Amino acid sequence: MGNTEDIQDMLAFQRGDERGFHRLFQRYRGPLMNYLYRFTGNRAVAEELMQEVFLRLCRAAGTYEPRSAFRTWLYQIATNVGRNEVRRREYSVKKEPLSPLISGTQNGLGGAISNPPSASPEDMARARQMEELTQQVLSRMPEKQRAALLLRRHHGFSYREISDVMNLRTGAVKSLIHRATGTLRKYLDPYLGILPQEGEKDAM
Amino acid sequence: MRCNKVRNNLTAFLDRELPENLQEAVENHLASCPSCQQERKALERVQQTLEGMEVPPFEETVSPETILEMARTRTSASKEQSRKIRHPWLVPVPRGWQPVLALATVLAAIGIWNAFPLLKALPLPTAQEIYLAERIELFENLELIQDLALLEMMEATEGEHG
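Chain order of the listed sequences is A and B. Sequential numbering of the first sequence, starting at 65, is according to the working numbering. Sequential numbering of the second sequence, starting at 15, is according to the working numbering.
Some clues are possibly wrong.
Below are the EDC-like pairs computed for lysine to aspartate or glutamate, each with C-alpha atoms no more than 20 angstroms apart in a straight line [unchecked claim]: (1) K208/A <-> D29/B; (2) K208/A <-> E149/A; (3) K208/A <-> E65/B; (4) K55/B <-> E65/B; (5) K19/B <-> E34/B; (6) K19/B <-> E41/B; (7) K250/A <-> E58/B; (8) K250/A <-> E207/A; (9) K208/A <-> E31/B; (10) K55/B <-> D253/A; (11) K250/A <-> E65/B; (12) K55/B <-> D29/B; (13) K250/A <-> E53/B.
Have a look at the derived ranges for each label pair, beta carbon to beta carbon [said to hold, decoys possible]: (14) R152/A <-> E74/B: 25 to 35 angstroms; (15) E129/A <-> L121/B: 48 to 58 angstroms; (16) Q51/B <-> G126/A: 51 to 61 angstroms; (17) Q78/A <-> Q37/B: 39 to 49 angstroms.
One side only, chain A facing chain B, incomplete, derived with CB under 10 angstroms [to be verified]: (18) F89; (19) M97; (20) Q115; (21) T198; (22) Q199; (23) L214; (24) R216; (25) H218; (26) S222; (27) R224; (28) T234; (29) R243; (30) T245; (31) Y255.
Since the hints were made in silico from the structure, they are not lab data. Fair warning: this is a prediction, and the values are worked out from it, not measured in the lab. C-beta atoms are modelled at their ideal positions from N, C-alpha and C, and glycine is treated no differently.
Looking at chain A on its own, in the form it has when it is part of the complex (with noise of 0.2 angstroms):
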């Protein structure tokens, strides 16, 4: 299982065995970076905050003690590094209104879509573009509500596993993926709702 083998790669580090150390960075540099990308929405800030939950790694080597799972641990470094990043550098990006993306439409935040696009090659680009909304919207949410809704859909976490990652009850997590859900549905729906094969969908 997984978390045997990263607490055995913790320990091994604990011993002084540098290759332990060594393969839990190769584990999980990458879903930390995707983690901290979608939370800050910044790659460079992305990239010094993967390294300081690794600095933060080294430093807690010598008191470790498997108490939790290792990816929760490992995790609730993450969220709290990138909570403080995110608080520290203010990120106030409510004040700007989210950019329009699909041409044709006059206001993407509600409200029905009156040109359509026609189905098309277009297809590759719309999902950029919706991917490019997704973040946008992702950095605008509440930081619980974001960490929450990322640790669930991108890394596969239970409720339970959030609330021990965020220090909270399953109760407030549930709450706050919902609110998170209802905030990307919000958004999204008017986009959503023109994509070709939903139409298919909806014959069920």
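We have chain A; now place chain B onto it with these hints.
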């Protein structure tokens, strides 16, 4: 089960995180409520969009060895910091005072060495005399001499040539 309660639980329902009886109750409600079904589809679309987000490639910009090295450096730096906190009397000397302090230190050291006559009898190779001569010139320029062994040799030289 009422629609607004179902909607509050829909996200958790889709995540299969509700307690079993609640999970079932929502399922049953959805089977016969078209408007909640619509709501469910809308949330599913959002989830798919989120889950479908591309994972960008993140090239490795730093090696694990570098991180380990940073951790070691930071440890010694922070030890330096804590040393400064524990010994606040080790204050940095302002620039103008350094030569004066240097002189005082050297004179004090020479004074101490004068109390050990045995050390004056040590033999002194020529090369070291040259070395000392250069150092004495430096001393005249009031540079701080840190090497006490050097001072010892200076004292020995003075004793021989004085």
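Output the numbers, in ascending order, of every earlier hint that fails for this structure.
Hints that this structure does not satisfy do not exist here, as all of them hold.
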